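S.K.: Read off the chains here:
Protein chains: 2
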Amino acid sequence: MDANADPTREESSADTVGGGVYRLPAGTSLSLDSGARLEGLEIAYQTYGVLNADRSNAVLVCHALTGDQYAAGVHPASGKPGWWSRLIGPCLPVDPARHFIIASNVLGGCTGSSGPSSIDLSTGQPWGLTFPVITIADMVRAQALLLDHLGVGTLFCVIGGSMGGMQALQWAADYPERLFSAVIVASAARHSAQNIAFNEVGRQAIMADPDWRGGDYGARADRGDSQPDRRKGPEKGLAVARMAAHITYLSEAALQRKFGRELQRDGVSWGFDADFQVESYLRHQGSTFVDRFDANSYLYITRALDYFDLAQAHGGVLARAFTRAREVRFCVLSFTSDWLYPTAESRNIVRALNAAGCRAGFVEIESDKGHDAFLLDEPVMREALAGFIGAAATARGLK
Amino acid sequence: MDANADPTREESSADTVGGGVYRLPAGTSLSLDSGARLEGLEIAYQTYGVLNADRSNAVLVCHALTGDQYAAGVHPASGKPGWWSRLIGPCLPVDPARHFIIASNVLGGCTGSSGPSSIDLSTGQPWGLTFPVITIADMVRAQALLLDHLGVGTLFCVIGGSMGGMQALQWAADYPERLFSAVIVASAARHSAQNIAFNEVGRQAIMADPDWRGGDYGARADRGDSQPDRRKGPEKGLAVARMAAHITYLSEAALQRKFGRELQRDGVSWGFDADFQVESYLRHQGSTFVDRFDANSYLYITRALDYFDLAQAHGGVLARAFTRAREVRFCVLSFTSDWLYPTAESRNIVRALNAAGCRAGFVEIESDKGHDAFLLDEPVMREALAGFIGAAATARGLK
Chain A
1 MDANADPTRE
11 ESSADTVGGG
21 VYRLPAGTSL
31 SLDSGARLEG
41 LEIAYQTYGV
51 LNADRSNAVL
61 VCHALTGDQY
71 AAGVHPASGK
81 PGWWSRLIGP
91 CLPVDPARHF
101 IIASNVLGGC
111 TGSSGPSSID
121 LSTGQPWGLT
131 FPVITIADMV
141 RAQALLLDHL
151 GVGTLFCVIG
161 GSMGGMQALQ
171 WAADYPERLF
181 SAVIVASAAR
191 HSAQNIAFNE
201 VGRQAIMADP
211 DWRGGDYGAR
221 ADRGDSQPDR
231 RKGPEKGLAV
241 ARMAAHITYL
251 SEAALQRKFG
261 RELQRDGVSW
271 GFDADFQVES
281 YLRHQGSTFV
291 DRFDANSYLY
301 ITRALDYFDL
311 AQAHGGVLAR
321 AFTRAREVRF
331 CVLSFTSDWL
341 YPTAESRNIV
351 RALNAAGCRA
361 GFVEIESDKG
371 HDAFLLDEPV
381 MREALAGFIG
391 AAATARGLK
Chain B
1001 MDANADPTRE
1011 ESSADTVGGG
1021 VYRLPAGTSL
1031 SLDSGARLEG
1041 LEIAYQTYGV
1051 LNADRSNAVL
1061 VCHALTGDQY
1071 AAGVHPASGK
1081 PGWWSRLIGP
1091 CLPVDPARHF
1101 IIASNVLGGC
1111 TGSSGPSSID
1121 LSTGQPWGLT
1131 FPVITIADMV
1141 RAQALLLDHL
1151 GVGTLFCVIG
1161 GSMGGMQALQ
1171 WAADYPERLF
1181 SAVIVASAAR
1191 HSAQNIAFNE
1201 VGRQAIMADP
1211 DWRGGDYGAR
1221 ADRGDSQPDR
1231 RKGPEKGLAV
1241 ARMAAHITYL
1251 SEAALQRKFG
1261 RELQRDGVSW
1271 GFDADFQVES
1281 YLRHQGSTFV
1291 DRFDANSYLY
1301 ITRALDYFDL
1311 AQAHGGVLAR
1321 AFTRAREVRF
1331 CVLSFTSDWL
1341 YPTAESRNIV
1351 RALNAAGCRA
1361 GFVEIESDKG
1371 HDAFLLDEPV
1381 MREALAGFIG
1391 AAATARGLK
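Residue numbers (our numbering), protein chains in the order written: chain A, 1 to 399; chain B, 1001 to 1399.
Keep in mind that the hints were calculated from the coordinates and are not lab data.
Every value quoted in this text rests on a predicted model; they were computed, and no experiment measured them.
Check each hint, because a few of them may be wrong.
Stated by the list, open to error - Which bits of chain A does chain B cover? Going by a derived footprint, with three or more residues having C-beta under 8 Å, they are:
#1 88-97
#2 103-111
#3 238-245
#4 256-265
#5 276-290
Glycine included, C-beta positions come from ideal geometry on N, C-alpha and C.
The shape of chain A in the complex, shown without the other chains (with noise of 0.2 Å):
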């Protein structure tokens, strides 16, 4: 831990919000899952609240897929609220009014983190497909140095939503020491073959765009003049990626809820314009996607889910995964209308959770707004959340 990065500062509420970028010190590297080593790692982070005095506050927010370290307060691309706002906040579950709360851009994203779309200081391109493939340990471990950094022995509490939940999940089997409790929210211990299937669509279809250039069109143009702008990225594919991608995150309920047949315009136009309200919806997904997010960065962070499967590398048998976090206390929360990580998924991490004599609450929240309920406005979620972190924060003895 350097000097600059202490958190345990005394500042009123509204000036704990900090963040920076952590570079691994030159002549360290991160070793991979793989088999690589990644030397230069950046991570990318935000904070808010103060780290108390004996360091037992922190809280490590895990983002999903497409998120980012702004997991509250407001976005400063977007000028929109962080993306778990409505979890994170004054007098909300969690509250930096008491926690320090961590939340860090993943290793293989585009938003300051290492990634795909990071300058390889070996070449000074963007790595593109050079960029090693990396697992959701690998960013835990990634996430572990970060801690080291800040100062942080112990979480009081990792947190996390879809690929945020695997992260939890990861770091229950790999640093349980460093746990005092976990909530896994929508998520899942492994990919189904459902998952991988529209992963693969996803990869494919930005694979398939000739703008995607096996990987390199984050290379300037090698065009002999000297032309600055970065070369357009697969923008199409990735956006029918996402398109793909959102269906999963809705409920056929909410779609219908929201949309049913509702038409753009009087009459429809025989023809192939967005006719019908969901259509123009998906396409504005897909549009604004594009504008915030990396296509590389999609294929490697879809091959990190794809690739996870936490009982694997416990004999195939996923209690043994939480042999060693018998002391860490769960939450596990699903939704009655997800089907992307459906409740299925959930009861088997509350089964091997006990299996290992694991304390595990669960809670299947009735909702129709499938997956994405995890980041909306879900009453049952805050409270159940605000009960467990509550009751996590006495046993630890936090005010």
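Let chain A serve as the given structure and place chain B on it in line with the hints.
M.R.: Leaving out everything else, chain B in the frame of chain A:
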């Protein structure tokens, strides 16, 4: 009906496969829902069996999105059994020894019927996107003209699965006086928001492919030389569309049972090759599809599906679509794991049939095979159809 088409000839069962292309006589045209009129209509069809003397044993078999007129026997291009050869054949529910079976390629299709890849006689070039947008009702109108040509006044049965079931429903709404019975398998009376959303992903994947060229890929290249080859179509986009759609044809359970997380090789590639068997399977589905299907036809037929809403033309009340169909016997079948057209959609149809005073049998078949179950070996489906069609034959006085 012309003399050459007379299907009442007495022949042995082995010699009773017929078919060809019916061309609408010059000077006549097909009126479409869009208001356009289509001249030069061609309908490619196959027949199996012989029309009996009182012309009472005709069965019209309607195909799904990517099907064709080769419902039984052996497909001339692939050498594989016809797509519904599990239900159509000797001693099967639809039997060429007892029925005169007609299957035609839908309007807008790409295996011989008029569609966007057909030649527009006024230009000598493929229609491409100048082909008029068509509906399920337009497909049924074209089928009715084919039946006129074949001398079939009344159908003993119209039967179809998926989009074929929609055509059967449209027949009941538009030509109830020409129907004795109707079978609707794994279908719906309207496309849901989720159905439209998945189709839109497929269309966007095709239209994002630069080889689509605004739909003009079928035209001969205008290069000033005598290059006779057609331009390459949007193969990558069409493959992605097929991959996304294919996931919706299978259940999560079927994907997990067939593929799970099984790898192609020992260990993962740490790259973006097809590591998992489910990826390889999906890629294969995509790459083989482009050899047999036209991308513009995919656009037009998915559009017809999305526009389908049988209640809409009847004041929003589905039962009213069937008020003239009280004499028709209906059989509705669904599969428990079909999430493309779930059982709730079939129940909706049955409720409307009951409300209209029609006789309707309904069976929900237990299967984990998803939507594609209607094309697979499902003994309960076969037995239900044998029972329904046998009873209808008795009532109709067929031997």
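S.K.: If a hint holds in the structure, say so; if it does not, say that too.
M.R.: Here's how the hints hold up against the structure:
1. Requiring three or more residues with a Cβ within less than 8 Å of a Cβ of chain B, the coverage given for the segment 88-97 of chain A is violated, as only 0 such residues are present.
2. For the segment 103-111 of chain A, the proposed coverage by chain B is not satisfied: 0 residues have a C-beta within less than 8 Å of a C-beta in that chain, short of the threshold of three.
3. Coverage of a stretch by a chain is defined here by at least three residues with a beta carbon nearer than 8 Å to that chain's beta carbons; for the segment 238-245 of chain A and chain B the count is 4, and the condition holds.
4. As drawn, the segment 256-265 of chain A meets chain B at 5 residues by the rule of a beta-carbon pair under 8 Å; at three or more, the given contact holds.
5. Requiring three or more residues with a Cβ within less than 8 Å of a Cβ of chain B, the coverage given for the segment 276-290 of chain A holds, as 6 such residues are present.
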